[in-house]
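Got chain A; can you put chain B on it based on the hints?
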Amino acid sequence: MSKRSNTTYWIAFWVAIAALTVAPLVLPEFWRRFLTEILIWGLLAMSSDILIGYTGMVSFGHSAFFGLGLYGAAAALLMVKPPNMWLAILYGLAFSAGAALFVAYFATRLRDIYFAISTLIFSQIFYVAIFTLTEITGGENGLNFSRPQLGIPGVYTLPFTSETLHWFVLAVVAGSYVVLRRITQSPFGMVLQSIRENEARTRAIGYPVERYKIVAVMLSGLFAGLAGVLYAFQNRFAAPDFVLFLISGEVVIFNVLGGIGTLVGPILGAAFFLTMREFLSRLFPYLASVFNVPHLAEFPYLIPLGLVFILMVIFMPQGLLGFAKRWLNK
Amino acid sequence: MAIPWDIIIIQTVNGIVTGMILALVASGLTLIFGIMDVVNFAHGELFMLGAYIGVVVIVATGSFWTALLLSTLIVALIGAALQVTTLRPLLGRDPLTTILATFGISLVLQNYALWHFGPVPRKIQEPITGQFELFYLVYPWYRVLIAALSAAIIGGLYVFLKYGTYGIWIRATMQDRVMAQAMGIPVPAVHTVVFAIGSGMAAASGVLFGPLIGINHAMGLDWVLKAFIVVVVGGMGNLGGSIAAAILVSLLEAYAVILVGYIYVGGQPLSPAMAVVVPFIVLIVTQLFRPTGLFVPTPK
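If you're matching them up, the sequences are chains A and B in order. Following this note's numbering, the numbering of the first sequence begins with 1 at its first residue and continues without gaps. Following this note's numbering, the numbering of the second sequence begins with 1 at its first residue and continues without gaps.
Honestly, the hints are just simulated from the structure, not real lab data. It is possible that part of the hints are untrue.
Using C-beta positions, here's what the derived DEER-type ranges look like [as the list claims (entries may be wrong)]:
1) Glu140/A to Pro4/B: 31 to 37 Å
2) Leu78/A to Gly62/B: 18 to 24 Å
3) Leu288/B to Ser186/A: 28 to 34 Å
4) Ile8/B to Ala297/A: 49 to 55 Å
5) Tyr105/A to Ile8/B: 30 to 36 Å
6) Leu307/A to Val276/B: 31 to 37 Å
7) Thr12/B to Tyr207/A: 58 to 64 Å
8) Ser186/A to Gly118/B: 50 to 56 Å
9) Arg290/B to Glu140/A: 32 to 38 Å
10) Gly118/B to Arg181/A: 45 to 51 Å
11) Val276/B to Leu78/A: 22 to 28 Å
Now the stretches of chain B that chain A is said to cover, found in silico as 3 or more residues with beta-carbon under 8 Å [as the list claims (entries may be wrong)]:
12) 93-104
13) 273-281
14) 284-294
Only a predicted model underlies this, so the values are computations on that prediction, with no experimental measurement involved. Built from N, CA and C at the ideal position, the CB exists for glycine as well.
Excised from the complex, chain A in its bound form (with noise of 0.2 Å):
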């Protein structure tokens, strides 16, 4: 990367970080909220980009990572009096990274395709596990807790109210972005993508591969988790529909919809969807009453939006973010 791009880089970086932290303060309650919604959820989508973008594996059971990250922090802020944020944290991750060593182990073992259907697969175990533990995990019903306080309990605490949620998510994903980031373009990075480009060659240059993708499934089962606790924070509501593979089909749309193997692309892929999400099913009531055809109403957004999604993935497999590089270059 040149100088010049590189400055210009960090710049868009900062300008971006600006408007986000700025954001809540000019925005209405909903919108807050939709906002630090789209960066947790483009968290996740980040963290399933180091693999199928970085990897060249498609995961089909990120839901799994974050549903254990979200049942970790629940776990912790229900058992420890009073809640306690780090201890949220340190739960989430321990659960998430069991789920992943377990996924890694023995879905790497398998590539392409037989990789992406174990994962679901094993993504389900866990939805399994979790909607008939019903005395643990409440089962169908969920999980309510409450917020912990943000801060260092006995030093400085500070409520959670929605902008300073929205500023401690930002600051935890930007930060995941950098680290993230920094690791693409480390040496494991490197060998990462040489596997995505020629898996073979990889290990005949001596690369132990199977080492590789079980820490790169690792790494990116972490931030997964991660995001499910932030989630925990938002919401402080945890249910087994957050462990379905319908959460990882939706982090593979997020990833295609905005480009994969960029990181950035994936939490706009997550911008688009949820903003398309928002504004379809305000549309379709609206059309109905003009209409006068009330069926209309309940119209699921997913359609459009699936159709979007098919027309992407035969037209443009670069995501939004790949054909705009594209177009700005011409």
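Same frame as chain A, now just chain B:
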């Protein structure tokens, strides 16, 4: 402890019946994978769509068998249309893109069904209501009929693949796509036909299994997951392997229902619902010792 032979025999029958239905779903899935390298995420939705079309046709005509036939044909046509519009452009690209495309299709179909038919489950009446006595249980003949029909459909597929012109083309394409094309086999058309056959089989199993379960928009999920497990355990793309694995997994799950009753945790026997983990355990064990599947050495 006496061995409860009666329960074991009942569960064997149950296991074979569900195994045959599962084999029908899984053989469509594995056929599509073996020939096109396409993992069809929308397979469960085609199963669901078949069941719904069955409901609509039964309401209109009152005949179960017309519904079975029509639903199979309609969904086969839908499958062909889907293949031409979304999968044909992806031919020659990374097989992973086909996972994404079919996942998109499954989202659209599932949400359309939810919107059009609503969340209330529908029911199909059994076409035959006879029963026979199996020890102390009254066992419906319909379940036996399902197993027999599934076996007949799979047998028909086998004969078609072995002797039909298109069947021979399909097997040639499975062995070597480029060579088949060089020999003048219309490979794109073969792909479309294969996808249509797989879709039709999914629809047929949807209608056949409809009377045993409620039909709703999410019914495909459970089945397609189990079918994926079976296809991986049987060796992807191996038709016979999938069928054997389907019956194996279903039998093991049926026996596990008996077995968990004898496992006491904290003085309480485990709930029979815990038997749903059996397919997962089979999968894990398979992945540990034979990652490419039980019945095929190494596909590719």
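message: Hints numbered earlier in the text: which of these fail when held up against the supplied structure?
response: Hints 2 and 7 contradicted; others consistent.
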